[in-house]
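Peer 1: These protein sequence lines are chains A and B, in that order.
Here the first sequence stands for residues 1 to 259, where the numbers follow this note's numbering.
Here the second sequence stands for residues 1 to 438, where the numbers follow this note's numbering.
Hints in this document: simulated from the structure, not taken from any laboratory.
Among the hints, erroneous ones may be present.
When the alpha-carbon atoms are kept at most 25 Å apart in a straight line, the in silico SDA-like pairs for lysine to any residue are as follows [to be verified]:
hint : chain 1 : residue 1 : chain 2 : residue 2
1    : B       : 349       : B       : 48
2    : B       : 48        : A       : 33
3    : A       : 33        : B       : 433
The following label-pair restraints were derived from C-beta to C-beta distances [to be verified]:
hint : chain 1 : residue 1 : chain 2 : residue 2 : range
4    : A       : 49        : B       : 244       : 32 to 40 Å
5    : B       : 13        : A       : 175       : 38 to 46 Å
6    : B       : 114       : A       : 201       : 46 to 54 Å
7    : A       : 86        : B       : 264       : 14 to 22 Å
8    : A       : 175       : B       : 19        : 48 to 56 Å
Glycine included, every Cβ here is placed at the ideal spot set by N, Cα and C.
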Amino acid sequence: MIVQTMAEMMAQGKQPEVLFWVGAAGSYDDRAKKITRAFVKILQHANVDFAVLGTEESSTGDAAKRAGNEFLFQMQAMMNIEVLNGYNIKKIVTCDPHSFNTLKNEYTNLGGNYEVLHHTQFIQNLIAEGRLKIDDKNLQGKRVTFHDPCYLGRANDVYESPRDLIRRLGVNLTEMKRSKQTALCCGAGGAQMFKDAERGDKEINVLRTEDALETKPDIIATGCPYCNTMMTDGIKFKEKEDSVIVKDIAELIAEANNL
Amino acid sequence: MQYLPNIVFALTLLLGIGFFTINIRKISRNINLGKDLNRNDKKSERLKNMIMIALGQSKMIKRPFSGFLHIVVYVGFIIINIEVLEIIIDGLFGTHRIFKDFLGTQIYGFLIGTFEVLAALVFIAVIIFWIRRNLSNIKRFLSSEMKGWPKKDGNLILYFEMVLMSLFLLMNAADASFQQAGIGNPMSQFITPLFDGFSADSLHLIERTAWWIHILGILVFLNYLYYSKHLHILLAFPNTYYANLNPKGQFNNLEAVTNEVKIMMDPSADPYATPESSEEEAIPEKFGASEVTDLNWVQLMNAYTCTECGRCTSACPANLTGKKLSPRKIMMDTRDRLEEVGRNIDANKGVFKDDGKQLLNDYITPEELWACTSCNACVEECPVNIDPLSIILDMRRYLVMEQSAAPQELNAMMSNIENNGAPWQYNQQDRLNWAKEE
Chain A
1 MIVQTMAEMM AQGKQPEVLF WVGAAGSYDD RAKKITRAFV KILQHANVDF
51 AVLGTEESST GDAAKRAGNE FLFQMQAMMN IEVLNGYNIK KIVTCDPHSF
101 NTLKNEYTNL GGNYEVLHHT QFIQNLIAEG RLKIDDKNLQ GKRVTFHDPC
151 YLGRANDVYE SPRDLIRRLG VNLTEMKRSK QTALCCGAGG AQMFKDAERG
201 DKEINVLRTE DALETKPDII ATGCPYCNTM MTDGIKFKEK EDSVIVKDIA
251 ELIAEANNL
Chain B
1 MQYLPNIVFA LTLLLGIGFF TINIRKISRN INLGKDLNRN DKKSERLKNM
51 IMIALGQSKM IKRPFSGFLH IVVYVGFIII NIEVLEIIID GLFGTHRIFK
101 DFLGTQIYGF LIGTFEVLAA LVFIAVIIFW IRRNLSNIKR FLSSEMKGWP
151 KKDGNLILYF EMVLMSLFLL MNAADASFQQ AGIGNPMSQF ITPLFDGFSA
201 DSLHLIERTA WWIHILGILV FLNYLYYSKH LHILLAFPNT YYANLNPKGQ
251 FNNLEAVTNE VKIMMDPSAD PYATPESSEE EAIPEKFGAS EVTDLNWVQL
301 MNAYTCTECG RCTSACPANL TGKKLSPRKI MMDTRDRLEE VGRNIDANKG
351 VFKDDGKQLL NDYITPEELW ACTSCNACVE ECPVNIDPLS IILDMRRYLV
401 MEQSAAPQEL NAMMSNIENN GAPWQYNQQD RLNWAKEE
């Protein structure tokens with residue numbers, strides 16, 4: 001697929017309406033790359049004029065900050081802010097709630113002020129503006145449960161955007177016992193993604209997968225590449241990969257619309 | 001001699017309140033051992049939070065059963081305290097039920113009647129609380145940090161409340177003229193028959209005894225607060241007022257780090273320049289927290305406010321999966337260490353003398369800190385807006401930036417970010433490969 005970078009845009013003297021912040025997972029992780037491509041298909045389908053930073057994008061520093069390395073975080077932040085401000089970026093969309101939270105909340109007092117949207121919010125806007133319509137036939141009747149990403153939900157109080165999109169797919173949205181404010185973490189946040197868990201009697205992603213399986217879903221919908229990995233691993237652990245699939249909301253929309 | 005009871009009462013009251021004031025001052029001194037943090041902005045939003053969350057108990061009812069019972073005890077506690085005002089005036093001036101003359105029998109009867117109903121409800125609620133704590137297998141009351149004193153403390157508070165409510169009803173039941181008036185005694189009238197056949201004198205003695213023990217009990221309870229987990233009845237108000245108003249996902253950016261990073265990244269900075277000598281730079285800033293005095297005053301107030309309900313721990317993904325981390329223990333440890341530091345200062349004429357201990361390792365272990373997913377479930381759960389996560393983060397910062405003591409895998413993740421701008425070992429030049437793969 002053809003995706004413009006900011007550098008290319010600038011060379012042509014153009015300024016896109018939005019920058020798509022891909023994030024490390026979305027750029028390198030094989031599973032997350034599918035989410036990235038699904039979202040790009042939606043953007044292209046809706047004729048959104050967007051660009052990415054490509055090789056100029058670097059880690060937001062979220063994981064470093066949560067691991068306690070404020071130095072590394074701020075160095076990453078200032079480098080990214082220099083690039084973003086250099087391109088005069090005003091609006092950013094990302095599929096990663098961690099990047100979303102960091103860019104939106106933690107860059108501001110370091111000199112980075114942007115309107116930052118999670119992809120579910122951005123897609124919601126596209127629908128409201130009449131630029132996108134979600135097909136509610138293809139996935140009709142499927143039982144879907146949504147796992148709230150901590151950094152979208154509790155961290156930033158975004159609970160409705162992902163649910164609104166899921167409902168538009170014509171599916172049967174069933175909530176887990178722990179959802180929205182009381183949702184259980186998938187186990188990846190706070191830099192846990194990059195280390196083994198401390199000694200305990202269970203893995204967090206297995207506990208969360210059990211929450212999801214209680215709703216007898218056909219699909220577990222996610223809104224975060226890290227949650228997606230954790231839930232996918234949980235489903236494998238529970239040996240349910242034949243009956244339950246884990247997909248990002250962007251992938252579900254791309255699938256519903258045959259993109 | 002006629003005024004002896006009044007004098008004894010006044011002295012007791014003075015002693016009770018005086019001792020309480022001394023302890024409150026200690027708490028305030030200890031909280032101020034924390035670092036400065038300006039939380040004087042957005043006053044109306046803060047006030048609204050305090051009214052909704054502390055006064056209005058809006059977060060308590062998220063768990064409807066215990067939330068409802070708590071509201072019964074809370075409302076009962078506040079309203080019945082109007083009666084304490086009457087007791088104090090009566091005690092000081094030797095009057096008897098002064099509000100009756102003041103308000104008239106009807107209104108007074110209605111008021112005391114309401115108190116009696118509330119007292120009975122509080123009594124029942126407290127019994128249910130006791131059963132929940134001691135007989136039901138509610139996991140959050142059985143955690144390891146609740147063994148010993150915390151369990152005893154919780155029960156003692158419940159016994160206090162049971163005794164105080166009983167004495168209030170007993171005092172009314174043994175008040176012959178109050179019972180004869182027959183108004184305002186919806187509960188105590190059922191206790192009165194126990195005293196059938198008692199002489200007027202012995203009835204009066206029972207009434208006086210109950211009256212005295214009741215007010216003494218209240219003064220003792222007031223002073224017990226400082227030694228217990230129960231300070232939330234006072235601190236819930238400032239704690240919700242000064243709570244964080246930013247999005248929960250937003251962690252503070254350390255200013256000291258910002259300054260250093262700016263110098264590092266400034267191409268025009270002279271690497272060999274000697275730092276400008278100013279007093280502020282005399283002591284290099286310590287990054288993160290290894291001791292209670294490295295935390296800010298709001299975090300320390302949080303520690304005193306915690307009433308050990310354990311809602312945080314019961315929602316913590318790490319704790320639910322058997323890890324050592326318990327957000328409640330983080331708060332209890334912070335408070336216990338702060339108390340220890342405070343006692344040390346008192347014992348050493350106002351100066352802290354090194355006791356070879358600190359919050360990190362001696363109270364909170366790295367194993368607990370590294371188990372946190374920063375999911376904010378504990379922060380969301382707390383009925384009085386305590387933020388255990390901010391303490392966990394500040395302690396991680398110390399481990400990483402002062403001691404380079406992160407788990408190996410995290411060190412690898414961080415050096416990847418440093419070298420190639422991603423937490424994994426991929427080449428930055430491959431960042432756009434995803435687009436070429438389809």
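Peer 1: Falls inside 46 to 54 Å, the C-beta gap from residue 114 of chain B to residue 201 of chain A?
Peer 2: holds, 50 Å
Peer 1: Holds or violated: residue 33 of chain A and residue 433 of chain B, Cα atoms, limit 25 Å.
Peer 2: Given pair residue 33 of chain A, residue 433 of chain B holds - Cα atoms ~9 Å apart, limit 25 Å.
Peer 1: Check the following: the C-beta atoms of residue 175 of chain A and residue 19 of chain B are separated by a distance inside 48 to 56 Å.
Peer 2: Cβ of residue 175 of chain A to Cβ of residue 19 of chain B: about 52 Å, so the range 48 to 56 Å holds.
Peer 1: Given the hint that residue 349 of chain B pairs with residue 48 of chain B, test it: the Cα-Cα distance must not exceed 25 Å.
Peer 2: Given pair residue 349 of chain B, residue 48 of chain B is violated - Cα atoms ~41 Å apart, limit 25 Å.
Peer 1: Given the hint of 32 to 40 Å, check if residue 49 of chain A and residue 244 of chain B actually sit that far apart at their C-beta atoms.
Peer 2: Between residue 49 of chain A and residue 244 of chain B, where Cβ atoms are some 38 Å apart, the hint holds.
Peer 1: For the hint 14 to 22 Å, verify it against the beta carbon of residue 86 of chain A and that of residue 264 of chain B.
Peer 2: holds, 19 Å
Peer 1: Cβ-Cβ distance between residue 13 of chain B and residue 175 of chain A: within 38 to 46 Å?
Peer 2: violated, 55 Å
Peer 1: Has the given pair, residue 48 of chain B with residue 33 of chain A, been kept, meaning a C-alpha gap of at most 25 Å?
Peer 2: Outside the cut-off at roughly 44 Å; violated.
Violated hints, listed in ascending order, are 1, 2 and 5; each of the other numbered hints is respected by the structure.
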